[in-house]
Structure formats: structure tokens, C-alpha cells
Amino acid sequence: RELLPSLTSAALYHTTIGFRSDKGVRPLSLAGHVGFDSLPDQLVNKSICQGFCFNILCIGETGIGKSTLMDTLFNTNFENFESSHFEPQVKLRAQTYDLQESNVRLRLTVVNTVGFGDQMNKQESYQPVVDYIDRQFESYLQEELKIKRSLHNYHDSRVHACLYFISPSGHSLKSLDLVTMKKLDSKVNIIPVIAKADTISKSELHKFKIKIMSELVSNGVQIYQFPLDDETVAKVNTTMNGHLPFAVVGSTEEVSVGNKMVKARQYPWGVVQVENENHCDFVKLREMLICVNMEDLREQTHTRHYELYRRCKLEEMGFKDTGPESKPVSLQQTYEAKRQEFLVELQKREDEMRQMFVQRVKEKESELKEAERELQSRFEQLKRLHADEKAALEEKKRLLDEDQSSFSKRRAAAQLLQAQSLTANGKKDKDRKK
Amino acid sequence: HNSPTFLFVYGLNKLSSESGTDLFGYVGIEAVLDQMRSKTMKAGFEFNIMVVGQSGLGKSTLVNTLFKSKVSRKSCTPNYEEKISKTVKLHTVSHVIEEKGVKMKLTVIDTPGFGDQINNENCWEPILKYVNEQYEKYLREELHVNRKRRIPDSRVHCCIYFLPATGHRLRPIDVEFLKRLGKIVSIVPIIAKADTLTIEERQEFKERIRQDLAANGIHVYPQKEYDEDPEERILNDRIRESIPFAVVGTDKEHQVNGNKVLGRKTKWGIIEVENVAHCEFANLRDLLIRSHLQDLKDVTHNIHYETYRVRRLNESNMDFSELGLSTWLLENGTADKWESESHL
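Sequence lines, in order, name chains U and G. If you're matching positions, the first sequence starts at 1 in full-length UniProt numbering and goes up one per residue. If you're matching positions, the second sequence starts at 1 in full-length UniProt numbering and goes up one per residue.
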């Protein structure tokens, strides 16, 4: 199966414009039917061909019912498996599904946090979530800045809605909740929900909701507000804004109530029906998230959160729209300047390295020369020693020779003497005999 | 409202698609179509159309007939005098028109002086320059750090080129213009004042024009290479077989068989503009407005604009991926230094 291309928000928003305040444009009346009233239909048909894309991020503790709620919301079984409570760090798991309802194709990506709230030290728990959201913005930005880009074929993975699951303690928000939501409110549309709402009684629920909303306000957390500018949905959105956070119950099991099979949870004391508005706010959540505001969620993600990310990223890299004298600077000029800067820096580095190399070589050379010199002097020394010894030995030899020669002289003399004395004695003997 | 929801598991788990987990029930995904419709109706649409052709071919009349109101420059400038200008100058006029709650800002770009001089060499230059200027404007806005919520779109979405009904072939000026501008903007060529041709003459003329276009490698809208799926191809092939449309324009109404029709009255009969047996105005109108308006804008945005952008960014050697690398190097430069030292 080939990949289904999806309509990115960008293509849609580039085709429309609000021009109420355009000057020099006069309104005209038409003398007959022209036919451009079919434009919204043309646009819609194209979108149907391309398909839609929607990405939901679910943040909540392990076992709070994220997967079950997703299954209930989209009427399917998303093949999730239970996570362990012993994850050393918070991880995010994203899965993509292709859904179809009549002729509308939706590529849904559900991202779940794994191990959220399980660690002993939860200080860094929010970081993987922030990183994930930023990564999606980053890859969109990279694609948008490419020279050869294909934005209309791009699979938009930016998070459009974030469902934050609040534990049904009945008291107030946990500090982990506040910290996490505060870090995320400028990056994603946050919709807080109270999970497993069938554990709270109606009166407690009402107090709980008020407490939660006031805590959010007092901590300056900006959650997603259902839009009020479109008259067709303003009324229902205003009512719904008042019911936040939605208290939901999820279930994929069906129980027979009356003569119908409904999604419900069966307890010995009764049946909690998921789609019964008296029992929980599930239907409201579905209405708001999908039926009424899916398009607005996508639009807000693109025009507000993504633009903020892009602006910050570009400013970080040193780009700005106005130069030092407040003259408009094009990205191109800034880029050229940066590039020159970068090349100059590179050249400087290269020169530095070369210099350093040359210096080291010189050092080594002088070191070696020193060693050579040392060796040379030692050699000379040894040579001298050797010569000295040799001379001494020669001297000794000479003395020995002298000794020897004097000795042999003396011996010769002694022998002569002896010989003379012998002959003298012989003569004496001869004389006696006569 | 109770349409069933089917699940196709994508990518990861191929096995589960066999286990066929399709639970039926209402989710409400199709409501997104209505959301989209109401958002776009509230925001309104923009359309920029350019008309190119020699004076006297009926450009202003045709545009007025297309949009059933006095949108052309002629009709809105008081004390207008038809002067042959010495060079090709472009004039833009914008109007806001509304039909059944759909608001459209229509901009008509007129090109008086095109092909009117004795020496028409390079008469397409101002037009080329204008089209590229609009792309440049859009590109600059898109590259801003602080971007507008909706970038104003002044790019030319469609260019209607008026061919005089000579009955022969394309003239050199036609070939030159179509070749050059066909690469950067969607051109819809039409045969102007087609009431001077009989049906057979018209067919032959069209055939010869199509041959000339093919021989010169000119691709007019709808371009074959941008057909996205077989259905679109079939639809567009049918359109391609009948371009250029032979049109007649008028803003006068006459009585025919008890009905008021738009037409030109002559001594030998009334030419009904919206009658497909008489001329192809209705086909042109349907193509431009009723069925392919959004497509014209999409082709301009996704193909022509992107081509311009690629060329422009390559020219100025702008490669942002380089930048990502450079900032990393600048931050981590010190690490390199010590490493290389140890190697020495």
C-alpha cells in the first residue's frame, strides 16, 4: 500500500485570507450566478482526496486509563499493552493508525507517555514530553527550510491536542501536574481531563472541577479554550468551556442496558454508561475534540504554537527581521552575513590549528636537537675518557717495557759476572792440581 | 450520522489488520469537513487572474462576463480612454465579490500594450518580471522570523492568453510568450472573438494550435505531469482535448425564446454566449471557476512557487542545513582543539 499523503495545515491556510481591512478594494455586486460558491466544496474535495492528519498526545500516570479512553473515543481496539511501573525514565510511545468514516480518511497518531509519575524523583519527568513536541516542530521546520521541499506531501507529526489525565483524588492537582502543564502550555493545546471519573461522586466532582480550574488560573497555566469567534459553534463552545475539565470514563466492553448494548462499566451496585451524559462527560469530550474543534486544534497548532517555536528557533540562530538601524533585513541578508561569519570563523580556526601545528613541530625539532647535542657531548666525553685510558695504558706498557729491558740488561750483566767468576774458579782449580 | 468506522492498522502491526478489529459505532470524524468548510467561508478566498493579449481582442469584456460584474479596469476607471501605450504596463484592479456567503477577493491584472507595438521584441519581459516579483514578495514574507498569520497572496494563479481568431496557426509572438511564461505560471489559452469562425474552421484551428503547442514543448494548464490520480487524468484529458476554448464575450442581454440570455445580436442571429452549441464560454467558466479554481491555486502554490523558491535559494546559496551544522560547530569548537592536539 502506498503512503497516503495528508493535508498539512500549511496548504490550507495559504489559500485563504482575511481581507476585511484591505484598502482600495471595493465590493461589487454580481449580475448573475458566477459559480464560485463551489469553492469551499472544491477545497473540501481536495482534502478528502488527500486525507487528514491528527495527532493526540496523552499524558498521565501508568494505569490511569489513557489507552482505554483512546479506544473508546475512536471506537476501536488500538492493540496496546500494559506498561510496567518500573520504567527508569519517562518515555513516549507513538503509534499511527489509518481510520476511515464514510469518505473521510484520518491518519491518527496517538502518543502515550510510558512511566510518567512512576519514578521516585519526578523532577525531570516533563523533559521527554517537551523534547518530543519540540522534535516534531523541528522536523517540520527543517522541511519548511529545505530548498527542495514537499510540504503538501509531508506527514505532519506535530502534536495537535494534548489530553492531560488528572488523577481522581477529589482534592486538587498534584505538583507534577502543575509543573508539567506549565511547561507545555505554550507548546501544545492542553485539554485536561479527569480520569476514572466514576470514583468521584457528583458533588465532590463539582468541587474538584472548580478547584482544578482555579489552581490552573492562579498558576498561569494556559489551557486550550474552545474558540468563540465562529457564530455557528460559539454557543456550544461557551457551554463546554464551562464544563472543563471533562470527567471521563472509558470502556470498550458492552453491557446490556434496557434492550440496547451500550459501552459501560459494570459494578455490583450499578452500571456506569460511558455515553450517558448524566454519568460522565465522555460525549462532551468527543464532541469538542473531534466533531466541533478538530480543525481549530490543527490550526492553532500551526499558526500559534509552531510559529512561536519557529520564531524562537530562528532568533536563537541569530536571525531577525530588522537590522541595527531598524531597517528591515531579509532572511537572505542575515543568512549571508551568518555564512560569512561562519566561514571567517572556520578560516580563523584553520589558521589557528595550522599555527599550533607549526609551533609543535618547532618545539619537537628543538627538543630533538637538544637530545642530539647531548648525545654528541657524551660521545666526546667518552672518547676523551677512552683516549685518556689508552694513554695511561701506553704509559704503563712503556714502563713495563723499560722494566723489562733493564731487567734483561741486569740479567745479562749478572750472567756475565757469573760466567767470569766461574772461569776464574776453574783456573784456580787447575792450578791446584798441578 | 451512524456511519461505521473502519480501522486499518498502519505500518507496525500487520498481523492485527488480519484480526480485523472493526467495531462499529459513531465517532464523528466526518464533521471535520464541515469545520473546514465554515472556517474557509469565514476567511474568504483570493484569486488573481491575468489577461494577456493585443488590444481589441475583448479582454475586459470577457473578464466582466466571467465574473458577471464590472471587474475590468476599463469599467472601473472613470474617464478611461483607450490609448496604445508605448510599453507594456501592468495594471491591477481588486474587487471583493460574494456569492452565497462565499467571499472572494478577485484581482485582475491587465497587460495593455502587449503585442501592440511595431517592434514587439521582449514585450513579455514586464509580464515575466511581474510574475516573478509576486513570487519574490511571497518568499520574503515566508522567510520572515515574525510571520503574518496569513501571508497575502498576490501571485498570479491563472493567465488567460488571448489568441486572435486568424484560423491559421500560432504566431511567433504567441510561441515566444507561451514558451516563456508557460514555465512559471498556469496559462489557459483561448481563441478570442470566436464568432468569426465556423464550427469546422474552429476545429481545424484548434487542432493546428494543439499541434503547434506540442511541437514547441509548451505545456498549458492543466499540465499532464501534475495529474495526481487516474480519475483526475481522465477529467483533465477531456479538457486538454478541447483547449483552446473558443469564446465570445458580452455583457449585453437579449430576449431569446422568452428568456433573457447574454448574447451578441447580429443581423443574422443572436450568438448566445452561454450556449455550448454556439461557443465554449461556459466550458471556460466552469473550468476556471466552478471546478478548477482551487486546483489552479494549488498548482501555483505547490509547483510554480516551489520551483521559483528552489531556484532562488540555490542562487543565493542558502542552505539552512548548513546553518544547523555551523551553530553546532561554533558551540563545540573547543572539543576539536584538544583532540587534535593529542594526535600531534
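Be aware that one or more of the hints could be misleading.
[To be verified] Label-pair restraints from in silico Cβ distances:
hint	chain 1	residue 1	chain 2	residue 2	range
1	U	S102	G	Q117	55 to 65 Å
2	U	R149	G	Q223	17 to 27 Å
3	U	M353	G	N122	48 to 58 Å
4	G	K42	U	N121	47 to 57 Å
5	U	E143	G	R180	53 to 63 Å
6	G	Q255	U	G51	28 to 38 Å
7	G	R208	U	R149	24 to 34 Å
8	U	G51	G	K42	19 to 29 Å
9	G	K89	U	E345	29 to 39 Å
10	U	G51	G	E274	34 to 44 Å
11	G	D227	U	S169	14 to 24 Å
12	U	E345	G	E125	38 to 48 Å
13	G	K42	U	S172	51 to 61 Å
14	G	E232	U	H171	55 to 65 Å
For the record, the hints were derived by calculation from the structure and aren't laboratory data. Yeah, the Cβ is synthetic: ideal placement off N, Cα and C, and Gly gets one too.
### Task
Check each numbered hint from earlier against the structure, then list the numbers of those it violates in ascending order.
As far as the earlier hints go, 5, 6, 7, 9, 11 and 13 are violated by this structure, in ascending order.
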